[in-house]
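Based on these hints, arrange chain P on the given structure of chain S.
2 protein chains.
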Amino acid sequence: MMINHVHIRVKPESVDAFKAASKENARNSVLEPGIAAFDVFQQTDDPTRFLLIEIYREPEAQARHRETAHYAAWRDAVADMMAEPRSSVKYAAI
Amino acid sequence: MMINHVHIRVKPESVDAFKAASKENARNSVLEPGIAAFDVFQQTDDPTRFLLIEIYREPEAQARHRETAHYAAWRDAVADMMAEPRSSVKYAAI
Chain S
1 MMINHVHIRV
11 KPESVDAFKA
21 ASKENARNSV
31 LEPGIAAFDV
41 FQQTDDPTRF
51 LLIEIYREPE
61 AQARHRETAH
71 YAAWRDAVAD
81 MMAEPRSSVK
91 YAAI
Chain P
1 MMINHVHIRV
11 KPESVDAFKA
21 ASKENARNSV
31 LEPGIAAFDV
41 FQQTDDPTRF
51 LLIEIYREPE
61 AQARHRETAH
71 YAAWRDAVAD
81 MMAEPRSSVK
91 YAAI
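These protein sequence lines map, in sequence, to chains S and P.
Heads up: the first sequence begins at 1 in the working numbering, then just goes up one per residue.
Heads up: the second sequence begins at 1 in the working numbering, then just goes up one per residue.
In case anyone wonders, no lab produced these hints; they're calculated from the structure.
Predicted, not measured: the structure shown is a model, and the values here were computed from it.
Incorrect hints may have been included.
For identical chains, the list gives no copy identity; a pair is met inside one copy or between any two copies.
[Said to hold, decoys possible] Each computed EDC-like pair below joins lysine to aspartate or glutamate, with the alpha-carbon atoms no more than 16 Å apart:
(1) Lys90 - Asp46
(2) Lys90 - Asp45
(3) Lys23 - Asp39
(4) Lys11 - Glu84
(5) Lys11 - Asp80
(6) Lys90 - Glu58
(7) Lys23 - Glu67
(8) Lys19 - Glu32
Next up, chain S with everything else stripped away, as it sits in the complex (with noise of 0.2 Å):
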């Protein structure tokens, strides 16, 4: 298992349109065979900062997801959405 955290602040106006692009992403993620779950979450104190909890399988589950269609469509969909470059941090569980 390997756990990715996507931190993420898109601008104020982008926010809806940044959840439901989060959401059909996360929708088809979790249906990728090395993807054990694909969470999207929004800060309750700024509605504006968002996180992914990414859990992969394996670590080479990443680059796969990143070759898929809905990635490509999600990453392009919510480039010009981002208040400040997106940031990941990987957890093991213990």
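Using the frame of chain S, we list chain P on its own:
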């Protein structure tokens, strides 16, 4: 559902003791009826950084968690292991 993320950085010499105390706390916490999940993660590129992901069935469940003996034992055990004050962020699933 209320998701609480607790970010913790421990002293390098406290990593193993923190993992042990936090696993014990998580093992007891998931038995609380108001807690849907309670997981401990260690950051891959910095083993002194941890993330607790606590999923409460309702907001009041967090207050009840803080009244348990296992929470008090964990809080007291790890107090001197912290390298800096811990921080938390609340999320809603979308």
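Checked hints:
1. For the homomeric pair Lys90 and Asp46, the shortest alpha-carbon distance between copies (10 Å) is at most 16 Å, but the shortest distance inside one copy (23 Å) is not.
2. Taking identical chains as interchangeable, the C-alpha atoms of Lys90 and Asp45 lie at most 16 Å apart only when they sit on different chains, with a minimum of 7 Å there against 24 Å within one chain.
3. Proximity of Lys23 to Asp39 under the C-alpha cut-off of 16 Å is restricted to the intra-copy arrangement: shortest distance 8 Å within a copy versus 24 Å between copies.
4. Taking CA atoms no more than 16 Å apart as the test, Lys11 paired with Glu84 passes inside one copy only; the shortest distance there is 9 Å, against 31 Å between copies.
5. In the homo-oligomer, the alpha carbons of Lys11 and Asp80 lie at most 16 Å apart inside one protomer (9 Å), although the nearest pairing across protomers, at 40 Å, exceeds that limit.
6. For the identical chains of this complex, Lys90 and Glu58 are intra-copy neighbours only, at 13 Å inside a copy versus 28 Å across copies, given an alpha-carbon limit of 16 Å.
7. Taking the closest pair of Cα atoms, Lys23 and Glu67 never come within 16 Å of each other, the shortest separation being 18 Å inside a single copy and 36 Å across copies.
8. Proximity of Lys19 and Glu32 under a CA criterion of 16 Å is satisfied in neither setting, with 20 Å inside one chain copy and 32 Å between copies.
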